[in-house]
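Quick mapping for you: the protein sequence lines, in order, are chains A and B.
The opening residue of the first sequence carries number 40 in my numbering; numbering runs sequentially from there.
The opening residue of the second sequence carries number 2 in my numbering; numbering runs sequentially from there.
These are calculated hints, taken from the structure and not from any lab test.
Just so you know, not all the hints are guaranteed correct.
Cut-off 27 Å, straight-line C-alpha distance, at most; resulting in silico cross-link-like pairs (DSSO-like, lysine-lysine) [to be verified]: (1) A:LYS137 to B:LYS327; (2) B:LYS292 to A:LYS137; (3) A:LYS137 to B:LYS122; (4) B:LYS69 to B:LYS176; (5) B:LYS176 to B:LYS48; (6) B:LYS176 to A:LYS138; (7) A:LYS138 to B:LYS147; (8) B:LYS69 to A:LYS138; (9) B:LYS161 to A:LYS138; (10) A:LYS137 to B:LYS176; (11) B:LYS161 to B:LYS69; (12) B:LYS161 to B:LYS122.
Just so it is clear, the structure is predicted and the values come from calculations on it, not from any experiment.
One letter stands for each residue in the lines below.
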Amino acid sequence: MRTSVLLYAGIIGAIFSLAAGYFFADLPLMTAPILLIGVVWVAAEIRGWRWIGSISLFLLIIGSAVGIIVEVDPIWAIMGTVLALAGWELSYFRRFLKKAPWVRNEDQLVRRHHTRVIAVALIGGVTAWLTTQIEVDIGFGVALLLAILSLLGLSRAVIFLRRTD
Amino acid sequence: MNRLLLLGVILYTLVLLGFVLLSGGVLALIIPILVFIGSALLFGPEKPQLTVERELSAESASLERPVKVNLKITNNGSRLEAFHLADAPPEGLELIDGDAEVLTSLVSGESFDIEYTVLGKRGRYRFAPIHVWTSDLFGLLFRETKVDAPGLFEFYIYPKVVPIDRIPIRPRQTKVYAGYIPARIGGSGVEFFNVRTYQAGDSLRHINWRANARHPGTFFTNEFEQERVADVGIILDARQRSNVEFRGETLFEHSVIATAALADSFLNDGNRVAVLRYGDFLDWTVPGYGKLQRERILRSLARAQTGDSLVFDQLEHLPAQLFSPKSQIVLVSPLASGDVEFLKRLRSRGYDLLIISPDPLSFEMQFLEEDEIVKTAFRLAYIERQLLFGQLRQVGIQVFNWQIDIPFDQAITSSLPQLRPVIERNIGILPT
Chain A
40 MRTSVLLYAG IIGAIFSLAA GYFFADLPLM TAPILLIGVV WVAAEIRGWR
90 WIGSISLFLL IIGSAVGIIV EVDPIWAIMG TVLALAGWEL SYFRRFLKKA
140 PWVRNEDQLV RRHHTRVIAV ALIGGVTAWL TTQIEVDIGF GVALLLAILS
190 LLGLSRAVIF LRRTD
Chain B
2 MNRLLLLGVI LYTLVLLGFV LLSGGVLALI IPILVFIGSA LLFGPEKPQL
52 TVERELSAES ASLERPVKVN LKITNNGSRL EAFHLADAPP EGLELIDGDA
102 EVLTSLVSGE SFDIEYTVLG KRGRYRFAPI HVWTSDLFGL LFRETKVDAP
152 GLFEFYIYPK VVPIDRIPIR PRQTKVYAGY IPARIGGSGV EFFNVRTYQA
202 GDSLRHINWR ANARHPGTFF TNEFEQERVA DVGIILDARQ RSNVEFRGET
252 LFEHSVIATA ALADSFLNDG NRVAVLRYGD FLDWTVPGYG KLQRERILRS
302 LARAQTGDSL VFDQLEHLPA QLFSPKSQIV LVSPLASGDV EFLKRLRSRG
352 YDLLIISPDP LSFEMQFLEE DEIVKTAFRL AYIERQLLFG QLRQVGIQVF
402 NWQIDIPFDQ AITSSLPQLR PVIERNIGIL PT
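Based on the sequences and whatever the hints tell you, model everything.
Written out as structure tokens, the structure is:
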């Protein structure tokens, strides 16, 4: 599948997810700025304005966070975040390929990248959604300890995986 | 903006919002971003362990001949997700076919080839180390390294060598080997040289019967002039002050073409040729014969550039002692004011001098519009130049003023008849 198709699908998907979230949360007015960001982002991708993508990603993720705060269903907000992230990444990848005068084994490279983006989006999205479904009451100290442990664990895991790669 | 920095800003914003508003949902939004960054770290770039071999289709090439460059890249390390390699051809070389850059991914042990073709101007070119950028597939983490490609890393583009007719030189000193230069010694040869008394063993075919008739009782035999090879020293004037540059074109290129053609011609005739480049420094190609010497001279000419030096600003510091006594010296120079006295002295020391002078006037006139001022200036400069030539010819120096709008081979061929009488007159004027 072509990168451009996935890229636009990602951006449009992110916009509609977030807009739908606000719409179903009885905040239809909030869909207008979301749709505007989407239109500007798509236009920027067509015209090749690279910085608009980063700004749009930031605004959409903040939009998702605000949505969660104003009681938008988290599934829409997470979908918006994940798809915006995928769209932003694919936009960069498309530029990266265009810049190179010669791409060797282009099909293979693109396929692997697409697979990885989709996998990361799925894992990230599903994990985020699962965390919103689990409710555990813990104190601040425990939360802090868990956060530190998880950071350390992640770091060790990354080091281990990189060594065995 | 750095992509990783942007994600960091978003992460911090979400964490801040999540803690301030005590919202677990907001904190959950961090997870996809963390997974994204974690994935980039996991498949991030390690220091690439590459072997790169560069091969060129030729160590040297002539001006219009393209050179193929082949790079064989082998990954000796772990897998490289996104791997961007750029082999920048040296400045002055034009990429005419293929790509010198590639974007790919490489598994461990995999190798591939890049091939591109370049074409360039005269010069010596050195390939710089190859630039390699590796990154994760998400482009968050980059690593830039330079990889040296062992093997041939420099090559030469030689000046154009135009074949020319034999230049009639006649140095006073020749070598012992047979060649094409009249040696002023009687013996076997083609041209009549002398009449001497008959000696036992002389060929009867060479007996001069007319002389015998005039002197009865004595036999005379014709002697012919031996033809031998000689030492020829070519001086290429690379002084900035004597060479004209105009709109990116330089008269020096013409001097180089003339030097290459002359060296080739003299070497083809079996002479021992040396080249001295006199500019910001002295570049001396020691005398030698044959194809190897031709290669040495062309290499020297390939890297020849004009330059300024306080020491070598005048020809005064030209080390004439480098050249064999009484040998032939060919000076390729547009000539500058103040050169005449030195050249006269060189001539008086017994060297035979031939000056090939690429004409700076015809060179500049190519670029100027012909109005009255330009025409007057041209006339004045022309007269000055003719006076300079006159002074040189007076002391028996051969001068060839090359109008550079005519190719060197054609110009010199058409001027050979004019050059010859000067030589013959020289023999008459100067003691041998």
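Hint by hint, here is what the structure shows:
1. A:LYS137 to B:LYS327: Distance of about 67 Å is beyond 27 Å: violated.
2. B:LYS292 to A:LYS137: Roughly 49 Å between the alpha carbons, so the hint for B:LYS292 and A:LYS137 is violated.
3. A:LYS137 to B:LYS122: Violated. A:LYS137 to B:LYS122 sits at ~31 Å, over the 27 Å cutoff.
4. B:LYS69 to B:LYS176: 42 Å, violated
5. B:LYS176 to B:LYS48: Roughly 62 Å between the alpha carbons, so the hint for B:LYS176 and B:LYS48 is violated.
6. B:LYS176 to A:LYS138: It is violated: about 63 Å lies between the C-alpha atoms, which goes past 27 Å.
7. A:LYS138 to B:LYS147: Satisfied, since the Cα-Cα distance of roughly 20 Å is no more than 27 Å.
8. B:LYS69 to A:LYS138: Between B:LYS69 and A:LYS138 the Cα gap is close to 24 Å, so the pair holds against 27 Å.
9. B:LYS161 to A:LYS138: It is violated: about 37 Å lies between the C-alpha atoms, which goes past 27 Å.
10. A:LYS137 to B:LYS176: Distance ~66 Å between A:LYS137 and B:LYS176 Cα, so the pair is violated.
11. B:LYS161 to B:LYS69: 19 Å, holds
12. B:LYS161 to B:LYS122: 10 Å, holds
Of the numbered hints listed earlier, those contradicted by the structure are 1, 2, 3, 4, 5, 6, 9 and 10.
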